[in-house]
Amino acid sequence: MHWHPSAAFLSASFVTTHPCHNHHSAKTNTQHQRQCSSLAATTPPTAIPEETTAASSSSFVSKPVDPALYNDLLLWVLQQDGAFVHEALSIQPSTSGSGYGMYVTQDIPDKDTLLLQIPRSACVTLDNALQDETSGKVFAKLIESAGATGGNTVCLAGYLARERLRNLEYQKGNVAEDSQFGPYLATLPWERGINNQEHVLFWSSDKIDELLPGTMCYEEVMDLRGEVELAATILNRIIGRTILEWRGIVVPKPAFQWPWEAAQSAAKDPDPTVMVNGWLPAVQGAFVTLLTRAFQDRASTTSTNNGQDDRTDFDDEREKLVPILDLLQHSETPNIQHVMSSAAQGAVVVTSATPLEAGEELFNQYRSELEESMPYHRFFSRFGFIPGLSGNDATYNDDLEQLLRDKSSIFVAQTREV
Numbered sequence: 001m002h003w004h005p006s007a008a009f010l011s012a013s014f015v016t017t018h019p020c021h022n023h024h025s026a027k028t029n030t031q032h033q034r035q036c037s038s039l040a041a042t043t044p045p046t047a048i049p050e051e052t053t054a055a056s057s058s059s060f061v062s063k064p065v066d067p068a069l070y071n072d073l074l075l076w077v078l079q080q081d082g083a084f085v086h087e088a089l090s091i092q093p094s095t096s097g098s099g100y101g102m103y104v105t106q107d108i109p110d111k112d113t114l115l116l117q118i119p120r121s122a123c124v125t126l127d128n129a130l131q132d133e134t135s136g137k138v139f140a141k142l143i144e145s146a147g148a149t150g151g152n153t154v155c156l157a158g159y160l161a162r163e164r165l166r167n168l169e170y171q172k173g174n175v176a177e178d179s180q181f182g183p184y185l186a187t188l189p190w191e192r193g194i195n196n197q198e199h200v201l202f203w204s205s206d207k208i209d210e211l212l213p214g215t216m217c218y219e220e221v222m223d224l225r226g227e228v229e230l231a232a233t234i235l236n237r238i239i240g241r242t243i244l245e246w247r248g249i250v251v252p253k254p255a256f257q258w259p260w261e262a263a264q265s266a267a268k269d270p271d272p273t274v275m276v277n278g279w280l281p282a283v284q285g286a287f288v289t290l291l292t293r294a295f296q297d298r299a300s301t302t303s304t305n306n307g308q309d310d311r312t313d314f315d316d317e318r319e320k321l322v323p324i325l326d327l328l329q330h331s332e333t334p335n336i337q338h339v340m341s342s343a344a345q346g347a348v349v350v351t352s353a354t355p356l357e358a359g360e361e362l363f364n365q366y367r368s369e370l371e372e373s374m375p376y377h378r379f380f381s382r383f384g385f386i387p388g389l390s391g392n393d394a395t396y397n398d399d400l401e402q403l404l405r406d407k408s409s410i411f412v413a414q415t416r417e418v
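Heads up: the sequence shown begins at 1 in UniProt numbering, then just goes up one per residue.
The set of hints was computed from the structure by calculation and includes no laboratory data. These numbers come from a predicted model, not from an experiment. Heads up, a few of these hints could be off.
Said to hold, decoys possible - Under the rule of at most 27 Å between Cα atoms (straight-line distance), these lysine-lysine pairs were calculated in the DSS-like manner:
1) K207 to K63
2) K63 to K137
3) K253 to K141
Stated by the list, open to error - Distance ranges between label pairs, derived from CB positions:
4) D81 to R378: 21 to 31 Å
5) A344 to S204: 21 to 31 Å
6) G226 to K407: 17 to 27 Å
7) S204 to S409: 19 to 29 Å
From the three backbone atoms N, C-alpha and C, an ideal C-beta is built for every residue, glycine too.
From just these sequences and the hints, can you work out the full model?
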């Protein structure tokens with residue numbers, strides 16, 4: 001396989017996340033259950049009604065995550081060895097951004113107080129993809145062919161999308177075992193509007209053609225959408241048959257076949273160029289999740305910059321997903337900091353960056369708004385939002401589209417009269 005993704009898609013490394021956001025059976029643990037019941041949200045955000053006319057609305061529909069799924073997520077994370085969630089933390093609808101956020105329910109007067117410790121076993125990493133029994137070797141070949149910069153992200157997205165479909169087939173009773181990340185996958189933004197998640201990967205071609213030509217993000221958005229469609233096509237050849245096996249459409253191949261048996265079996269295989277039903281939306285959702293939530297994955301850390309770890313000994317770009325931490329909303333002045341701790345076997349450790357007052361929402365910094373490489377139009381195309389434009393306002397998406405129609409300087413370069 002030879003695939004050379006464009007630089008527009010592959011050049012960016014997404015250090016932190018946008019949670020416009022995040023089941024299977026678990027062993028009973030009374031202490032964990034008590035803690036989860038106090039942490040999880042009890043009131044979903046108000047749904048945004050769908051309008052009937054495109055002229056007055058973006059037809060964006062809010063789809064809040066069932067708060068019970070956060071109970072499942074917290075219980076699952078706490079069952080991982082080395083996990084810690086401070087008893088004062090609570091998941092509630094955000095008042096500062098879209099979807100849910102995390103709050104403290106009591107004063108935390110000391111800076112550097114431990115708030116979260118998320119073990120590596122709870123994180124979705126490239127190692128999970130490469131060590132996968134079914135597809136790991138093919139993923140490794142794809143990375144070797146495409147290069148680590150783009151191949152890593154594509155393989156992680158493919159693994160994530162496949163596990164999403166495994167989770168759905170498990171819920172239907174078609175597979176015996178859920179994904180190991182089932183409780184986490186159930187909280188992710190697989191569709192437009194889940195916990196108010198907006199993203200250009202979810203937009204129709206008509207909406208793109210209506211709103212984005214002439215904007216500074218148009219070329220990047222078109223490149224991104226093209227790369228994701230190409231990735232879905234390539235990944236379908238790797239993973240499609242497994243999904244069809246789960247659905248009972250094809251029979252699993254035996255562990256050993258004689259050469260003539262393998263040839264006969266291959267002749268009966270489904271056409272790998274035909275996209276498996278549900279695969280493209282799953283891949284799009286996986287890329288949205290990585291674009292808006294992924295953290296850089298590093299072997300160790302030497303220092304931090306607002307929680308953004310400094311690279312030490314990884315030569316290639318790797319990303320990971322960190323449950324619970326990715327719920328935090330963005331702020332240019334974050335009140336938490338996070339590092340990947342080698343002392344804690346690669347766990348992500350989150351501490352308070354300032355004293356915290358009861359009722360205060362926790363904020364992370366996805367990227368600095370002052371970075372020349374991350375102007376507001378790139379915040380929109382990568383994270384799905386514009387800093388400062390309230391995501392909790394029922395008119396948010398209409399306001400966003402109006403900015404595009406008005407050729408706002410956020411999106412369109414302005415010429416100055418002399």
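Contradicted hints - numbers only: 2, 4, 5
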